[in-house]
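Same order as they appear, the protein sequences are chains X and F.
Mapping the first sequence onto our numbering, position 198 (from 1) lands on 198, and the numbers just tick up by one.
Mapping the second sequence onto our numbering, position 54 (from 1) lands on 1054, and the numbers just tick up by one.
Worth flagging that the hints you see were computed from the coordinates, not collected in a lab.
Check each hint, because a few of them may be wrong.
Unchecked claim - In silico SDA-like cross-links for lysine to any residue, where the CA-CA straight-line distance does not exceed 20 Å: (1) X/K2 <-> F/I1005; (2) X/K2 <-> F/C1043; (3) F/K1155 <-> F/E1074; (4) X/K2 <-> F/L1088; (5) X/K2 <-> F/E1021; (6) X/K2 <-> F/G1035; (7) X/K2 <-> F/V1147; (8) X/K2 <-> F/R1019; (9) X/K2 <-> F/R1031; (10) X/K2 <-> F/H1032; (11) X/K2 <-> F/C1020; (12) X/K2 <-> F/N1145; (13) X/K2 <-> F/T1004; (14) X/K2 <-> F/K1155; (15) F/K1155 <-> F/N1145; (16) X/K2 <-> F/G1018; (17) X/K2 <-> F/V1047; (18) X/K2 <-> F/E1131.
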Amino acid sequence: MKPAPFRYHAPRSVADAVGLLAERPGARLLSGGQSLMPMLNLRYVMPDDVIDLNRIDTLAGIAEEGGRVRIGGMTRQRDLERSPVVARHLPVMREALRWVGHIQTRNRGTIGGSLCHLDPAAELPAIAMLYDAEVSAISVRGERSIAMAEFPAFYMTPALEPDEALTAVTFTPWTGRTAFGFVEFSRRHGDFAVVSAACLLGYGPDGRIDRAALVLGGVGAAPLRLPDAEARLTGSRGTSEDFTEAAAFAERIEAMDDAHAGADYRRHLARVLTGRALAQAVARPAA
Amino acid sequence: MDDTIAVALRVNGRTFQGRCEPRTHLADFLRHELGLTGTHVGCEHGVCGACTVLVDGRAVRGCLMLAAQADGAEVRTVEGLAAADGTLHPLQAAFVEAHALQCGFCTPGILMTLVEVLNDTPDADEAEMREALSGNLCRCTGYQNIVKAALTAAKAVSGVRGA
Ligand code: FES
Ligand code: FES
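In isolation and in its complexed conformation, chain F is listed as follows (with noise of 0.2 Å):
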């Protein structure tokens, strides 16, 4: 079979390259190529959303989509939300806040996706916000806290727009 191919990416504003089997998954790839540990891979076959990065700006399934397919991409992962000084991100402060997290296994995906939603509908109410994390299993939380620490985070976003 081939050799591996060449794969040319930013990732959270660096430039990355890398080699990887056609068949590597991008989830595997940001693990295993580039060291970036934070996206988690569950279920490996779309259903979890652990693996959830976003990728041109829109949330994907990280485990759904080869690394290759990513070549010249722009690809936004958890490392890449806190700023430079280490000051978390108002998503990932709601979640400390709410205690929105327990093994923090389904964090990162969950925190991907809610980056998307608040872009798009921050002034989301907590049906659609429900339906919105409806790809993303928790095993620990049970939802409530995280649906809470969306609406929080939201509501900070949007404050800060507004002002």
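Just chain X, with the same shape it has in the complex (with noise of 0.2 Å):
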């Protein structure tokens, strides 16, 4: 299908881009188009003002900042898949970008639209709340910045006002001795998943985690976090049986049920892909 007709905005600077938004209300924001782009072409949304981030070049780019790696909101996901940078300080990110659409679509989509967009079983996201992320936004009122656990406000829709845009996605990497695993399960190579799993590993000196993280995508509105598997693995040895127990909590969330999967079939995946997240964690020889 063709979209309905729209006004089209080019703005060059990110100061024109959130004058327009704040001047036109209900305008959408247009990054790598993966997602708004069939929306549009589908009639699922019909704006009359539709403002391309695509000509702002400030938006883009991969930045070590004080130990920290600065990801543009405009960066393609193909870019990420590349960049040295992130195979070096996020390396659990580059093994997610894999499960990240087709080669087509990551040319295109960008880390700020998969954010923005907040499918739940978006990778992206999962790996934004895997590290803490934190999302800088900015409007004509000037600029914030929101934890990622703040950032899903609830179903698909982030808590950004109606007049932001988001700038740029910031990761603090994990140092010492981290192993990391994602892994997925989807009907298709390349489609939304079903239940995504992600975690990091921090080791001590004397070779127990110290630091543990684990994300579930796919099973609820937004990325889950496991505190209580986390707490388990934390001080642990990161023995097997250690690792069944942190994955039996998987098992013990609240998971939605749609057209997809039912919600205990959810729960069952969430349980074995964490377990694998984590097996592959330790067969990887930690960096």
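Got two chains here, separate frames each, mind docking them using the hints?
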């Protein structure tokens, strides 16, 4: 199908973009277009104005600053996939990107677009949640940052005001010996996951796990951290028994029920995939 | 609503100018404004890959990009694959050889995707090739011969490079 008519704006600066956004309520921001364009084509959304962010060069880029990695909202998924900075500091993101759509969609799709679209099963929001990333937003009223834990407001809706635009996502890489895993189950390659699981494990000098993060995608309205499982792993040696017990927490979550899978099945997948993500983490030599 | 907007871009090395509504996507612009009907339109929501073209060297879904966004871009379509004298691109030759198409509807999108794949990872093995092709649907062939042709072309291309 073809989109309903709209006015098209291609601002060259962030200031112009947020100016337009403030002035035109109901306008939609167009980033990589891999979700918004299908929604326009299918007439799920029919905005009067589309504000294209693709001509604003300053919104894309990957920068290391003070031990953190700042990724501009318009950075393409394919550029993240190939970035040596991501490979070195955020290897689990690189692993997750392999599961995001296809070459053609990753060539256009952006990290900011993924986060703002906030599909419950999307990989990049799960990775942002895993790292407790910080989201930067701007409007004509000023700039602010939002902790990723606070970023999902409800189903497919970020905690952004109508006049706000996401500008960057900042990650704090884990230091020391760290292992990671990312697995997902979907019916066809490149589809959104039915359930995905990711983990980061930090090891202390005594070889025990001194820090753990676990996240599930696709089970609820937003990516879900598993604090009980993380606590179970912290201080442990990461034996298969530790992993089995930690993964059991994943089955006690509340899961959603939809056309793709029932809640029971999602809970089952959550446990199995959490176990697999942990197994994958220890099977790989930790860096 | 707004009038049409001007779009100037290069397609297969030639400069084109046209006008379109803001809502026109790139694949429709190529087909209807420029008459380049080699690029096909299937689902129009980013699932089938029939509309794949190269924009500034990268394979993208032509139905998920506005023509206005390609203003100033360098686009390559299936019409630009064969040499001026009609000599087929190694990919096209391999597709003919391996009988990698039946109705041909998916073929332009698959070829344009593979241009990028052969460029980036000419040493891709079968599993990697299948993953690279996962964003292109073919309702006829069952993919066997497409994968075979892609691997043959990859070999031909890296052979030329190695020489
Ligand atoms: S027509 Fe573009 S992906 Fe199907
Ligand atoms: S050859 Fe007919 S769809 Fe692929």
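Quickly compare the C-alpha distance for X/K2 and F/E1021 to 20 Å and report which way the hint goes.
holds, 11 Å
Verify the proposed pairing of X/K2 with F/L1088, using a straight-line Cα cut of 20 Å.
Between X/K2 and F/L1088 the Cα gap is close to 34 Å, so the pair fails against 20 Å, i.e. violated.
Assess, step by step, whether the Cα of X/K2 is no farther than 20 Å from the Cα of F/V1147, and give holds or violated.
With Cα atoms ~32 Å apart, X/K2 and F/V1147 exceed 20 Å; violated.
Given the hinted pair X/K2 and F/I1005, is their Cα-Cα distance within 20 Å?
Roughly 17 Å between the alpha carbons, so the hint for X/K2 and F/I1005 holds.
Has the given pair, X/K2 with F/K1155, been kept, meaning a C-alpha gap of at most 20 Å?
Given that 20 Å is the threshold and the Cα spacing comes to 40 Å, the pair is violated.
Holds or violated: X/K2 to F/V1047, with C-alpha atoms at most 20 Å apart:
holds, 15 Å
Within 20 Å, alpha carbon to alpha carbon, are F/K1155 and F/N1145?
Given pair F/K1155, F/N1145 holds - Cα atoms ~15 Å apart, limit 20 Å.
Given the hint that X/K2 pairs with F/E1131, test it: the Cα-Cα distance must not exceed 20 Å.
The hint is violated at about 29 Å.
Is it true that the CA of X/K2 sits at most 20 Å from the CA of F/N1145?
violated, 33 Å
Take the C-alpha atoms of X/K2 and F/H1032, compute the straight-line distance between them, and say whether it is at most 20 Å.
Distance ~14 Å between X/K2 and F/H1032 Cα, so the pair holds.
Is X/K2 close enough to F/C1020, meaning Cα to Cα at most 20 Å?
holds, 13 Å
Does F/G1035 lie within 20 Å of X/K2 when you go C-alpha to C-alpha?
holds, 19 Å
Checked against the numbered hints above, the structure violates hints 3, 4, 7, 12, 14, 18; every other hint is satisfied.
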